[in-house]
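These are the residues of each chain, in order.
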Amino acid sequence: MSLKKIHLLFLAAIIMTAAVFVSGCASSPDTSQQQSSTSPTAFRSLDDIKKSGEITIGVFSDKAPFGYIDQNGEYQGYDIYYGNRLAKDLGVKVKYVSVEPANRVEYLKTGKVDVILANFTVTPERAEQVDFALPYMKVALGVVSPDGALITSPDQLKGKTLIVAKGTTAETYFSKNYPDIKLLKFDQYTETYNALLDGRGDAFSTDNTEVLAWALKNKGFTVGITSLGNIDTIAPAVQKGNKELLNFINDDIKKLASENFFHKDYEETLKPVYGDAVNPEDLVVEGGAVNNK
Amino acid sequence: MEQEILLKIEHLQKTYDNHTVLKDISMEIKKGEVIVIVGPSGCGKSTFLRCINGLEKINHGAVYFKNNCISDESLPHSLICQQIGMVFQSYELFNHLTVMDNITLAALQVQRRKKSEVQQTARKLLTRIGLADKENFYPRQLSGGQKQRIAMIRALILNPEIMLFDEVTASLDPEMVREVLDVIIGLVRQGMTMLIVTHEMSFARAIADRIFFFDNGEIVEENTPEQFFTQPSTTRAKQFLNSFEFNSVK
Amino acid sequence: MQDLGIRVLFDGENGVRLLLGLVVTLKLSIITIIASCLLGTLMGLLMTLRNPIIHIVTRVYLEFIRIMPQLVLLFVTYFGLTRAVGINLSGFTAAVIVFILWGTAEMGDLVRSAFISIPKDQYESGTALGFSKLQLYRFIILPQALRQIIPPAMNLATRMIMTTSLVVLIGVVEMLKTGQQIIEANRYTAPSAALWIYGTIFFLYFFSCWPLTILAQHLEKKWEK
Chain H
36 MSLKKIHLLF LAAIIMTAAV FVSGCASSPD TSQQQSSTSP TAFRSLDDIK KSGEITIGVF
96 SDKAPFGYID QNGEYQGYDI YYGNRLAKDL GVKVKYVSVE PANRVEYLKT GKVDVILANF
156 TVTPERAEQV DFALPYMKVA LGVVSPDGAL ITSPDQLKGK TLIVAKGTTA ETYFSKNYPD
216 IKLLKFDQYT ETYNALLDGR GDAFSTDNTE VLAWALKNKG FTVGITSLGN IDTIAPAVQK
276 GNKELLNFIN DDIKKLASEN FFHKDYEETL KPVYGDAVNP EDLVVEGGAV NNK
Chain E
12 MEQEILLKIE HLQKTYDNHT VLKDISMEIK KGEVIVIVGP SGCGKSTFLR CINGLEKINH
72 GAVYFKNNCI SDESLPHSLI CQQIGMVFQS YELFNHLTVM DNITLAALQV QRRKKSEVQQ
132 TARKLLTRIG LADKENFYPR QLSGGQKQRI AMIRALILNP EIMLFDEVTA SLDPEMVREV
192 LDVIIGLVRQ GMTMLIVTHE MSFARAIADR IFFFDNGEIV EENTPEQFFT QPSTTRAKQF
252 LNSFEFNSVK
Chain W
162 MQDLGIRVLF DGENGVRLLL GLVVTLKLSI ITIIASCLLG TLMGLLMTLR NPIIHIVTRV
222 YLEFIRIMPQ LVLLFVTYFG LTRAVGINLS GFTAAVIVFI LWGTAEMGDL VRSAFISIPK
282 DQYESGTALG FSKLQLYRFI ILPQALRQII PPAMNLATRM IMTTSLVVLI GVVEMLKTGQ
342 QIIEANRYTA PSAALWIYGT IFFLYFFSCW PLTILAQHLE KKWEK
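So the protein sequences, as listed, match chains H, E and W.
Using the working numbering, the first residue of the first sequence is number 36, and each one after it goes up by one.
Using the working numbering, the first residue of the second sequence is number 12, and each one after it goes up by one.
Using the working numbering, the first residue of the third sequence is number 162, and each one after it goes up by one.
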């Protein structure tokens, strides 16, 4: 018994050493790469990208309508629409790489992609790992309710039951700012929608993009509040320290405001899904400027 | 006594990590002789058999088979094993092979004999032990006694000059002991040279030419069966034999 | 609504893409399963030697691979190697390496335990019948060990095929991910497509693993006689 324990401890020690070794090696280039671009995980500079004639962009391949692959195997969506334009403005071809929420940061840190355009919400934690450019989209909370008893302001919810999914921003936002609204919490999204359909709650709140899309498919329900709470922005990201590329993207986004580029992007990619139910101003950020409400 | 000496063991000593299992064993076995070794558990009698056919390396002394030293590894082990057959306590047939394949595998692969001849011999041997109908059975379909009898003819088909039997009935149910011993009795009648380790005392008395009593890794007594079982010359042998006797307790 | 769902499967390149995904899944599975069997047998045999150094090295290797989730191994190999030493493997190569490391460890342990479970008597009685070491292994030990290895090895192979769906996290788009891409692309136009796509994937996985099960059953029946 004790021998087994020693055995296990021994193994744990080895694994921890290995982990420290990997993370130690991994973190050291991060600090050094600001000075030298010869470190193993160095990013490609603007010149490198232009010289190679191709930019590698990490996007989602299964998050319609932001980043997905159509029936012909082509990347499509709001993020891709901008990716294509960015490549065009750089004068290079574009190569898309399918990324997942869990590996977006790693793809940038290891220089396996030059830019991430994968519905990447700006958070302080992420900003320590990667450099965010100016935003091109924003998300806030939305509240969906039956047409018969439409909720159009949070005050209407007082004394009523609001459905939320556990661990979402909606849960934290309402319990902090509206403590007298009764919250009905579920683990999974499907449960929350079923609860709303069954009438177990008066309304349901989560990201506005999500409830807007849902309301379109479910007759008799409308998103009465389309933008509530803290506005999260979505922005392109580059490897930490890749200033040239970052500046190029920032200038590009500012410049594109003159042609109302992201509104056009919305018309092309999001409007077919959201229709007239959504005010583009609730989602689109033009020229990197978020107008706080 | 002009019979040739088949097996000669001289001052054999066997040690396991400072523990001496066999101290100084010398023995001569003539062709056609049946030697029975008895003794308490752990006296080294099984190890002695394993030293003879080379399953265990010996530390001192020598084993001669027909005047050739076989304990110095000068002869290939395979050759020795074809001359000296051995059957173990656990009936260790090869579980993935049929009875026929179990019996013929070594004859075909080691001795490179012709398949038709080997199979014919195998059938003859199977008939002799009364298991002719079992040639396509697998070991798991057989009783312990049947398996042990087949293990015997598997060794016999190689035409060994001497057979070593290591407590071949020790892990059998009592009603199966007889059928296995009968095979050995058949071999005695044929004049097979044998070295038998057993706990079956009346069987030993019936078939042995000579009895060796082992205790504590040495030969304590060598005797004729009559003398050994009626008037053993050593007290240790007497005590050992007494352990098989029961007085009425009522 | 139902026929709209099934139509997604035949829309544009979707069907071909799903099959290309299957090719990735099978290519990865077949390469790594074959390599794991060969290397695993070697490792298993090494482990049966009573060499203390080999014992410690193989034991640590096996426990390390077992404790680490495959996902972590994939991340370490694909991203970690780049960060630590600048080695930039393709996602597929990284996946092949991780799956072979994993398969070899598990297979090695199966081979080891199969050889160890064969009673000492089998070796001794074979030796006593005059078999050489090579003959002993070829005719007596290996056939018996193989019989014990086949069922758990088939199980391992099936697990490896199923686990290939993880490689999407290092950018290798295989069958399951392709399916999810198709489903998501049609999320608003044909919500029932999910059922059809997952159904198709289910059958493709099933028919990938089925031959292995058939083979295992066939061998077991043959040996059970």
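Check each hint, because a few of them may be wrong.
[To be verified] DSSO-like cross-link-like pairs, simulated, lysine-lysine; straight-line CA separation at most 30 Å:
#1 W:LYS383 to E:LYS68
#2 E:LYS68 to E:LYS41
#3 W:LYS188 to E:LYS145
#4 H:LYS254 to H:LYS299
#5 W:LYS281 to E:LYS145
#6 W:LYS188 to E:LYS68
#7 W:LYS382 to E:LYS19
#8 E:LYS145 to W:LYS382
#9 E:LYS126 to W:LYS188
#10 W:LYS294 to E:LYS126
#11 E:LYS125 to W:LYS188
#12 W:LYS382 to H:LYS130
#13 H:LYS201 to H:LYS252
#14 W:LYS188 to E:LYS135
#15 E:LYS125 to W:LYS383
#16 E:LYS34 to W:LYS281
#17 H:LYS98 to W:LYS281
#18 W:LYS281 to E:LYS126
#19 W:LYS281 to E:LYS19
Rather than coming from a laboratory, the hints here were simulated on the basis of the structure.
Hints and how they fare:
no.	hint	verdict
1	W:LYS383 to E:LYS68	violated (40 Å)
2	E:LYS68 to E:LYS41	holds (24 Å)
3	W:LYS188 to E:LYS145	violated (48 Å)
4	H:LYS254 to H:LYS299	holds (28 Å)
5	W:LYS281 to E:LYS145	holds (26 Å)
6	W:LYS188 to E:LYS68	violated (52 Å)
7	W:LYS382 to E:LYS19	violated (50 Å)
8	E:LYS145 to W:LYS382	holds (20 Å)
9	E:LYS126 to W:LYS188	violated (45 Å)
10	W:LYS294 to E:LYS126	holds (22 Å)
11	E:LYS125 to W:LYS188	violated (47 Å)
12	W:LYS382 to H:LYS130	violated (52 Å)
13	H:LYS201 to H:LYS252	holds (23 Å)
14	W:LYS188 to E:LYS135	violated (55 Å)
15	E:LYS125 to W:LYS383	holds (27 Å)
16	E:LYS34 to W:LYS281	holds (26 Å)
17	H:LYS98 to W:LYS281	violated (60 Å)
18	W:LYS281 to E:LYS126	holds (29 Å)
19	W:LYS281 to E:LYS19	holds (28 Å)
Of the numbered hints given earlier, the model fails hints 1, 3, 6, 7, 9, 11, 12, 14, 17; all others are met.
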